[in-house]
Amino acid sequence: MRALMRFAVKLYPAAWRARYGGEFEALLEDIGPHWRDVWNVMGGALKMQMMTWSFWKLVPALGVAGAIAMGVASLMIRTEYESSGVMRVTPMKIPEGETPGRATAQHVDAMRSKVLSRASLLTIIAGENLYPRERAKTTLEDTVDQMRRDVQFWPVSEHGGYSAAFELSFRYPDPYKAQRVTRQLISQMVDANILVMMEAKGEHSAQVEVLDPASLPRQAILPNRPVMIVVGLTAGLLLGLAAAGVRRWCRAR
Amino acid sequence: MSDPTLLVLASLADGEKHGYAIMEDVMRFADVRLGPGTLYGAITRLEQRGWIRPVGSDNRRQPYALTAVGRTYLEAQVANLDRVLRTALERLRHA
Chain H
10 MRALMRFAVK
20 LYPAAWRARY
30 GGEFEALLED
40 IGPHWRDVWN
50 VMGGALKMQM
60 MTWSFWKLVP
70 ALGVAGAIAM
80 GVASLMIRTE
90 YESSGVMRVT
100 PMKIPEGETP
110 GRATAQHVDA
120 MRSKVLSRAS
130 LLTIIAGENL
140 YPRERAKTTL
150 EDTVDQMRRD
160 VQFWPVSEHG
170 GYSAAFELSF
180 RYPDPYKAQR
190 VTRQLISQMV
200 DANILVMMEA
210 KGEHSAQVEV
220 LDPASLPRQA
230 ILPNRPVMIV
240 VGLTAGLLLG
250 LAAAGVRRWC
260 RAR
Chain E
115 MSDPTLLVLA
125 SLADGEKHGY
135 AIMEDVMRFA
145 DVRLGPGTLY
155 GAITRLEQRG
165 WIRPVGSDNR
175 RQPYALTAVG
185 RTYLEAQVAN
195 LDRVLRTALE
205 RLRHA
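Residue numbers (my numbering), protein chains in the order written: chain H, 10 to 262; chain E, 115 to 209.
The following block holds chain H by itself, in its conformation from the complex (with noise of 0.2 Å):
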């Protein structure tokens, strides 16, 4: 606790220690070391440090610690790469009454689905041998959520006609099991297009194609620690500015 209690002392500024340092030390040893003090000690220091330091060396401290931070915390993140294809559903037959555009919706929604059922993806999972740390720690289901949350659909963009385009991706740690669930779920949707036509009775038909196959994710998109780096320098400069502002405040009063 006595070299705790040193430690804090050395932490207050070299001139503040010159100044004050024999007295403080007698009164700390006439109050006897105590933890509350040890954290008291050390605030005062922290308070003093920044009320000595000048502008120029307070604000780009605070935009280094945090920048540091925030690199640090990227290390904690979980890293993750994003494998995805693109696809094309085309109407071939439309349901009567029904709109073009809305029936090939309805179907790449009604495939979507059967893609992304409990059953499906508990298969893939199951032969990925995917997430073993969550499926250790939580329910099959809180499992199932993750991967839904990991696979998204987006829209390309507007082909002539009725067909819909859109991009399947999945996210996760290891690249190489990214790209081989991808594949598993494009040929899913491939196969789910059949069973949805066989469901509709002839009602409806569409003819799906794989315009890009499963990519081999080269680079983590997550963290994005130049991104992170950058929030953390500009975030500790803001505060370093709130710091200053408020140092000079307390000091005019």
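Some hints here could point you the wrong way.
The calculated label-pair distances, taken between Cβ atoms and stated as ranges, are [claimed, not checked]:
| no. | chain 1 | residue 1 | chain 2 | residue 2 | range |
| --- | --- | --- | --- | --- | --- |
| 1 | H | ALA12 | E | SER171 | 47 to 53 Å |
| 2 | E | ASP196 | H | VAL240 | 48 to 54 Å |
| 3 | E | GLU189 | H | TRP65 | 37 to 43 Å |
| 4 | H | THR243 | E | PHE143 | 46 to 52 Å |
| 5 | E | SER116 | H | ALA145 | 48 to 54 Å |
| 6 | H | GLU38 | E | SER116 | 23 to 29 Å |
| 7 | E | ARG197 | H | LEU248 | 36 to 42 Å |
| 8 | H | PHE16 | E | LEU203 | 45 to 51 Å |
| 9 | H | ASN233 | E | LEU199 | 53 to 59 Å |
| 10 | H | PHE64 | E | MET141 | 46 to 52 Å |
| 11 | E | VAL169 | H | VAL240 | 18 to 24 Å |
| 12 | H | GLU38 | E | PHE143 | 20 to 26 Å |
Some, not all, of what chain E presents toward chain H, calculated at C-beta under 10 Å [as the list claims (entries may be wrong)]:
| no. | residue |
| --- | --- |
| 13 | THR158 |
| 14 | ARG159 |
| 15 | GLU161 |
| 16 | ASN173 |
| 17 | ALA190 |
Calculated directly from the structure, the hints in this document are not laboratory data.
Backbone N, C-alpha and C define an ideal beta-carbon position, used for all residues, glycine too.
Using the hints provided, position chain E relative to the given structure of chain H.
Frame of chain H; chain E shown alone:
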């Protein structure tokens, strides 16, 4: 009232004291425990403003005393507080 600078000034109003004596005195009259970091933060600010000054000492325990400016500031603060307290007390009586 828990402003450390005001508590230190109030403690020194009846004569010079060193850090530990100020802590004990503030604990006695205000029931507030000033931590060592808080106390010396206040002492540093008060000395920089010229409201207290160190007085001669023959050991490491450095006593401080109010300056004339510090006494004037304390009197003004006490007068303000007194006005607030009287008003609050008056209103409580008639509530």
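A quick look at each hint next to the structure:
no., hint, verdict
1, H/ALA12 to E/SER171: 47 to 53 Å, "violated (27 Å)"
2, E/ASP196 to H/VAL240: 48 to 54 Å, "holds (50 Å)"
3, E/GLU189 to H/TRP65: 37 to 43 Å, "holds (39 Å)"
4, H/THR243 to E/PHE143: 46 to 52 Å, "holds (47 Å)"
5, E/SER116 to H/ALA145: 48 to 54 Å, "holds (50 Å)"
6, H/GLU38 to E/SER116: 23 to 29 Å, "holds (26 Å)"
7, E/ARG197 to H/LEU248: 36 to 42 Å, "holds (38 Å)"
8, H/PHE16 to E/LEU203: 45 to 51 Å, "holds (48 Å)"
9, H/ASN233 to E/LEU199: 53 to 59 Å, "holds (57 Å)"
10, H/PHE64 to E/MET141: 46 to 52 Å, "violated (37 Å)"
11, E/VAL169 to H/VAL240: 18 to 24 Å, "violated (52 Å)"
12, H/GLU38 to E/PHE143: 20 to 26 Å, "holds (24 Å)"
13, THR158, "holds (7 Å)"
14, ARG159, "holds (8 Å)"
15, GLU161, "holds (9 Å)"
16, ASN173, "holds (8 Å)"
17, ALA190, "violated (14 Å)"
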